[in-house]
Amino acid sequence: MIRAADTTSPSIDRCADYRIGGINISIGSELDDVLGDVAALYRGYPRSGTDMDGTIRMEVRKVKGRRLRRPRYRIVGDGEEIGRERRRDEVLPFLEWGVNWRVIATRSEYLQLHSAALVYRGAGCIFAGASGCGKSTLAAALLSRGWRYLGDELALIDPNSLNVQPFPKALCIKSGSFVLMRRLNMPFAGRRHHVKGFKGHVGYINPLDVQAHPLGDPAPVRFVIFPKYTEGCKPRLYPVSRARGAFGLARCALNSNMIGHQAFSILSDLVRGAECYGLESGPIDGACDLIESLF
Amino acid sequence: MDVMRGSQWTLRDAEIVTPRQCDDIVEERLDHEAILVDRRSGHIHRLNETAMGVWRSCDGQRTTRQIAKQMTDVYDVDFEDALDHVDQLVARFAELNLLEVGMDA
Numbered sequence: 001m002i003r004a005a006d007t008t009s010p011s012i013d014r015c016a017d018y019r020i021g022g023i024n025i026s027i028g029s030e031l032d033d034v035l036g037d038v039a040a041l042y043r044g045y046p047r048s049g050t051d052m053d054g055t056i057r058m059e060v061r062k063v064k065g066r067r068l069r070r071p072r073y074r075i076v077g078d079g080e081e082i083g084r085e086r087r088r089d090e091v092l093p094f095l096e097w098g099v100n101w102r103v104i105a106t107r108s109e110y111l112q113l114h115s116a117a118l119v120y121r122g123a124g125c126i127f128a129g130a131s132g133c134g135k136s137t138l139a140a141a142l143l144s145r146g147w148r149y150l151g152d153e154l155a156l157i158d159p160n161s162l163n164v165q166p167f168p169k170a171l172c173i174k175s176g177s178f179v180l181m182r183r184l185n186m187p188f189a190g191r192r193h194h195v196k197g198f199k200g201h202v203g204y205i206n207p208l209d210v211q212a213h214p215l216g217d218p219a220p221v222r223f224v225i226f227p228k229y230t231e232g233c234k235p236r237l238y239p240v241s242r243a244r245g246a247f248g249l250a251r252c253a254l255n256s257n258m259i260g261h262q263a264f265s266i267l268s269d270l271v272r273g274a275e276c277y278g279l280e281s282g283p284i285d286g287a288c289d290l291i292e293s294l295f
Numbered sequence: 296m297d298v299m300r301g302s303q304w305t306l307r308d309a310e311i312v313t314p315r316q317c318d319d320i321v322e323e324r325l326d327h328e329a330i331l332v333d334r335r336s337g338h339i340h341r342l343n344e345t346a347m348g349v350w351r352s353c354d355g356q357r358t359t360r361q362i363a364k365q366m367t368d369v370y371d372v373d374f375e376d377a378l379d380h381v382d383q384l385v386a387r388f389a390e391l392n393l394l395e396v397g398m399d400a
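If you read the protein sequences in the order shown, they are chains A and B. Last residue of the first sequence: number 295 in my numbering, and the count goes up by one each step with no gaps. Last residue of the second sequence: number 400 in my numbering, and the count goes up by one each step with no gaps.
The hints are simulated quantities; they were obtained by calculation from the structure and are not laboratory data. From the three backbone atoms N, C-alpha and C, an ideal C-beta is built for every residue, glycine too. Warning: the hint list may mix true and false statements.
To be verified - Quick partial rundown of chain A residues pointing at chain B, CB under 7 Å, derived from the structure:
(1) 241
(2) 242
(3) 250
(4) 261
Can you build the whole structure from these sequences, using the hints too?
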């Protein structure tokens, strides 16, 4: 006889496959609401086949927790468990983070920078800096002004062409910018509030909900900008030397340990073809005007 | 010639100190500045124009005194100040293990 405790609830596994830039992502889960959240983020993106080589495979499973047997959400990336979340509203941010983590781990053919990247008039623009400097908010605001979007978290640099490659995941916006996003008519995908660890509440924006053709093609990097958000300050854009630009980008490089010192010659070559600026950004409209005045 | 690295070395005499760049340092020159990548430690260093000028003169042949003299030819600085800057920079480079320092006794 099979005891009830040995059985699991009946479930039907499903998966959704997306092509984000040049990277195939497959999300599997028996949880309809998780797949629904992901579908809202990537509605309109190209679909990829499930058995493509190099596909990043993520899974979300509901499992029983040890303490009080409360359910937890087990998140797996390419067969390796990367976390167990207690709260349902933590699942999507962790899943999105997990996709980034798998890209960092598996796409060493690119130099990966912790940066937002967009294209305007054919010129690639990288916004580099630590978390909280305003990369995603700037990216969202520029997207609303008609820029083409390449990504808000990872700028993938092809070492041969030095072009920045698209990896246009949904934009992740922290709660401090929710009011601004509403003013810019930027719609949040699906449920608005998710919880992303110490960053608190976040919302996601599907770029295809903002404009009809928001996704950019690979582009040469013409501008490297280091934003720093200071509330209420007058926006100021000031040139920095290429050496300072390369040094700043090196601090944002996520996989330089895999590429070694060659990472630095790639960055040096990249900034030789670009202008580098620091940006003190206060009110977003003024900051965007300054950036567009470079073109 | 004695060769020492980093904290083993202290400046004693500008006439005999001949600093030389370590082999494992990759230099990327960007306009008037330079970035040094230490392949052993993975550390990256940014040098401004004057620091780069001193760094590029550290060829194991020139003494710090000669490097300082060279600086006075390029910049509007008197020799004592230039020597002071060179001494400090060479000491800092050595502390960061970017230079080997020879002593011609």
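Please check whether residue 261/A passes as an interface residue: C-beta within 7 Å of a C-beta belonging to chain B.
Where the cut-off is 7 Å and the nearest Cβ of chain B is about 5 Å from residue 261/A, the hint holds.
Restraint: residue 250/A near chain B, CB-CB cut 7 Å. Satisfied or not?
holds (5 Å)
Report holds or violated for the interface hint on residue 242/A, using the least CB-CB distance to chain B and a cut-off of 7 Å.
At about 4 Å, which falls below the 7 Å cut-off, the nearest Cβ of chain B leaves the hint on residue 242/A intact, so it holds.
Report holds or violated for the interface hint on residue 241/A, using the least CB-CB distance to chain B and a cut-off of 7 Å.
holds (5 Å)
The earlier numbered hints are all upheld by this structure, with none contradicted.
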